[in-house]
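Peer 1: Sequence:
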Amino acid sequence: MKEYLLLYRSPYNHYYPTKNNIRSGLWDLNEYYLSDYNYYNDSLFTKNQNYYKETIIINDVIGEQLFIVIQDHDIENHIADDDRSQLTNEFNSCKISYSNFIFFRERWLELKRALPPFAIIYRNNNDWIDCKGFESQEAMELFVKNYVSQ
1 MKEYLLLYRS
11 PYNHYYPTKN
21 NIRSGLWDLN
31 EYYLSDYNYY
41 NDSLFTKNQN
51 YYKETIIIND
61 VIGEQLFIVI
71 QDHDIENHIA
81 DDDRSQLTNE
91 FNSCKISYSN
101 FIFFRERWLE
111 LKRALPPFAI
121 IYRNNNDWID
131 CKGFESQEAM
141 ELFVKNYVSQ
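In case it helps, the working numbering puts the sequence shown at residues 1 to 150.
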């Protein structure tokens, strides 16, 4: 497992990261699903840039990749829109292929229907992003421990 984001379900049925767990680039993907709600917006695959309430999605049409990045609300460090596509990469955003994004969207919606108390978003060793729900934090942490040791 290359990276993961451990989540807990809030009383409002939203998933937020557990303590000391936001360093993962998967936070940007979680923020998209948490704040922007555009699950079936097909312009993601056709427009160069999509701006939402909290996230921006940069589209690499040739490589069939999306780069999801949290909007920079800090004016001093703001990246100009014209420069954003050249400056956004897999190190400062969540990179995900078109096919993985479609797969993940379906899995995330299944998870949101089931509403387990804990969930994980993880990137496996082949760069494929998936999610999984758990009934306890201990079961979620055991999944990470066992997955990493494989």
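These are calculated hints, taken from the structure and not from any lab test. Here a beta-carbon is modelled for each residue, glycine too, at the ideal position from N, C-alpha and C. It is possible that some hints are incorrect.
[Claimed, not checked] Lysine-lysine pairs mimicking PhoX-like chemistry, simulated, CA-CA at most 25 Å apart:
id : residue 1 : residue 2
1  : K145      : K132
2  : K47       : K145
3  : K2        : K112
4  : K53       : K2
5  : K112      : K132
6  : K2        : K132
7  : K53       : K145
8  : K19       : K145
9  : K47       : K132
10 : K47       : K19
[Stated by the list, open to error] Okay, the calculated beta carbon distance ranges per label pair:
id : residue 1 : residue 2 : range
11 : N92       : A114      : 30 to 38 Å
12 : K47       : N146      : 37 to 45 Å
13 : N124      : Q71       : 35 to 43 Å
Peer 1: With reference to the structure, classify each hint as holding or not holding.
Peer 2: Going through the hints against the structure:
Taken as a hint, the K145 and K132 pair is honoured in the structure, with Cα atoms around 15 Å apart against an allowance of 25 Å. A distance of roughly 39 Å separates the Cα atoms of K47 and K145; the hinted pair therefore is violated under the 25 Å criterion. A hinted pair counts as satisfied when its Cα atoms are at most 25 Å apart, and K2 with K112 qualifies at roughly 24 Å. Proximity of K53 to K2 is assessed by CA-CA distance (about 28 Å); at most 25 Å being required, the pair is judged violated.
A threshold of 25 Å between alpha carbons decides the hint, and for K112 with K132 the separation of about 10 Å falls inside it, so the pair holds. Distance hint between K2 and K132 is fulfilled; the C-alpha atoms sit about 16 Å from each other, no more than 25 Å. Pair hint K53 plus K145 does not hold up; C-alpha atoms about 35 Å apart against a cutoff of 25 Å. Of the supplied pair hints, the one linking K19 and K145 holds, its CA atoms being roughly 17 Å apart against a limit of 25 Å.
Taking the CA atoms of K47 and K132, the gap is about 30 Å. The hint is violated against a cut of 25 Å. Distance restraint check for K47 and K19: the Cα-Cα separation of roughly 35 Å exceeds the 25 Å cut-off, and the hinted pair is therefore not satisfied. Take N92 and A114: their Cβ atoms lie about 32 Å apart, and the range 30 to 38 Å holds. As the Cβ distance of K47 to N146 is approximately 40 Å, the hint placing it in 37 to 45 Å holds.
For the pair N124 and Q71, the supplied restraint of 35 to 43 Å is violated, since their beta-carbon distance comes to about 28 Å.
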